[in-house]
Amino acid sequence: MTIAAGYNFGYLDEATKRMIRRAILKAVAIPGHQVPFGSREMPLPYGWGTGGIQVTASVIGPDDVLKVIDQGADDTTNAVSIRRFFAKVAGVATTGRTAEATLIQTRHRIPETPLREGQILVYQVPMPEPLFRLEPRVAETQRMHALADYGLMHVKLYEDIARYGHVAISYNYPVMVNRRYLMAPSPIPAFDNPKMDRMPALQLFGAGREKRIYAVPPHTEVRSLDFEDHPFVPIRADAACSLCGSRDTYLDEIVTDDRGGRRFICSDTDWCASRREEGR
Amino acid sequence: MLSPGFADPALDAQRCFRAVLEATSRPGRVQRLAEGVLEPPAPLGLAAAAVLLSLTDADTPVWLDAEAAPAADWLRFHAGCPLVAAPGDAAFVMACGAMPPLDGLNAGTEEAPHESATLLVQVAALDRGVTLRLSGPGIAREHRLRVAGLPPDFGLRWARNGAGFPRGVDLVLCAGAALAALPRTVRITEGDG
Numbered sequence: 197m198t199i200a201a202g203y204n205f206g207y208l209d210e211a212t213k214r215m216i217r218r219a220i221l222k223a224v225a226i227p228g229h230q231v232p233f234g235s236r237e238m239p240l241p242y243g244w245g246t247g248g249i250q251v252t253a254s255v256i257g258p259d260d261v262l263k264v265i266d267q268g269a270d271d272t273t274n275a276v277s278i279r280r281f282f283a284k285v286a287g288v289a290t291t292g293r294t295a296e297a298t299l300i301q302t303r304h305r306i307p308e309t310p311l312r313e314g315q316i317l318v319y320q321v322p323m324p325e326p327l328f329r330l331e332p333r334v335a336e337t338q339r340m341h342a343l344a345d346y347g348l349m350h351v352k353l354y355e356d357i358a359r360y361g362h363v364a365i366s367y368n369y370p371v372m373v374n375r376r377y378l379m380a381p382s383p384i385p386a387f388d389n390p391k392m393d394r395m396p397a398l399q400l401f402g403a404g405r406e407k408r409i410y411a412v413p414p415h416t417e418v419r420s421l422d423f424e425d426h427p428f429v430p431i432r433a434d435a436a437c438s439l440c441g442s443r444d445t446y447l448d449e450i451v452t453d454d455r456g457g458r459r460f461i462c463s464d465t466d467w468c469a470s471r472r473e474e475g476r
Numbered sequence: 007m008l009s010p011g012f013a014d015p016a017l018d019a020q021r022c023f024r025a026v027l028e029a030t031s032r033p034g035r036v037q038r039l040a041e042g043v044l045e046p047p048a049p050l051g052l053a054a055a056a057v058l059l060s061l062t063d064a065d066t067p068v069w070l071d072a073e074a075a076p077a078a079d080w081l082r083f084h085a086g087c088p089l090v091a092a093p094g095d096a097a098f099v100m101a102c103g104a105m106p107p108l109d110g111l112n113a114g115t116e117e118a119p120h121e122s123a124t125l126l127v128q129v130a131a132l133d134r135g136v137t138l139r140l141s142g143p144g145i146a147r148e149h150r151l152r153v154a155g156l157p158p159d160f161g162l163r164w165a166r167n168g169a170g171f172p173r174g175v176d177l178v179l180c181a182g183a184a185l186a187a188l189p190r191t192v193r194i195t196e197g198d199g
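If you're matching them up, the sequences are chains S and V in order.
Take any residue in the first sequence, count from 1 to its spot, add 196: that is its number in the working numbering.
Take any residue in the second sequence, count from 1 to its spot, add 6: that is its number in the working numbering.
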């Protein structure tokens, strides 16, 4: 293990890590509850995953194998720079393979490969408060969480159904964790919501600008909000991946010309590449 | 003479934290710290001393019971944490003797349940004694944990702690180099059933 000279292991100082670690432990003990923490200034701006990076930096050890994805891709700017950051300040091994990773930091996707026990999934969260579009006052939303008073969100879903015939939320679809706390799953597509339910891996969420950490322990019930007569339906583009032919993964749409031409490819680049290798 | 703290403060604290994180996310699974990461001050065992050193500092008031009090100087020197006189004022409560009453500890508030105390209890053993059957978040179906050294009415006290959810105290059991965690969401039935 070699880490860049002049840096503490994992970039953050030990007092900051202790503070974040205490927040993480309380977050795991109260599934879905947002724990405030003293978010630090990081060497990249808010919106680039500062919350996720601080959680990762507090959890990571020299034996970890780190994977970072941005919208499912291992090779986009955000993913590459965060992976390089931790290779530099923690000297850890990095990978693109979901199955090989012990720690996966993600922006807005859950890998298609099912996660297993022993893995930790760290989400980058822009807005941790699921109620903020309905109630902008933080003091009010905290009271609503305390009372488990989530009527506002049910009304919002009902109004969607009355207006459009279905719930018009395609990402960041609100979930109930362990039947108690309403939680924002970060802007993952609603397609990924079912993967959170009873996932064997530990899920940690970090919001740097909003200074909140929350968590879902392994094997914990995560239910997407719905109604008996309008059950939750995960949606995906009705197409096959034009690279690997997959019909059951989440797809990105690529516009190919000005005349309406388009094609779809898997959002999860590791999954798509593995499938093509197997098929060859 | 005080014994030294972690040989490698960054990496040893990280390993200890990961053990506590694993224990908290999979309640009842016993984690074992590597022997020799530090010389625990009597009467603390390795796990209790390492957890306190990994998680406490100037921001966390700590309460030690009378049996744990001989470790006060070590803890104050290495962690720099304030030691408080009343268990209700502490963020971390360390008990080497009888488990203190849970309802005397800070359980947080309905709006800020994360402000609650974490209770560390040093028990006689985590591989013999009464069998606790655990269920709840972090547990697929059921985990079994054997503990020697908990009070006979522990099940009742724990049920009362869980009834106030989201308020409540989180428990870390330590025995030598082994530790197991019982976050407030865990439900316990006793016996081999």
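Careful, some of the hints might be misleading.
To be verified - Calculated pairs, EDC-like style, for lysine to aspartate or glutamate (alpha carbon to alpha carbon, straight line, at most 20 Å):
#, chain 1, residue 1, chain 2, residue 2
1, S, 284, S, 260
2, S, 284, S, 210
3, S, 407, S, 425
4, S, 407, V, 45
5, S, 352, S, 237
6, S, 407, S, 237
7, S, 407, V, 28
8, S, 407, S, 260
9, S, 407, V, 159
It is worth saying that the hints were derived from the structure and are not from the lab.
Taking the hints in turn, this is what the structure says about them:
no.	hint	result
1	S:284 with S:260	holds (14 Å)
2	S:284 with S:210	holds (18 Å)
3	S:407 with S:425	violated (37 Å)
4	S:407 with V:45	violated (36 Å)
5	S:352 with S:237	violated (35 Å)
6	S:407 with S:237	holds (11 Å)
7	S:407 with V:28	violated (23 Å)
8	S:407 with S:260	violated (25 Å)
9	S:407 with V:159	violated (40 Å)
Hint violations for this structure: numbers 3, 4, 5, 7, 8 and 9, all remaining hints satisfied.
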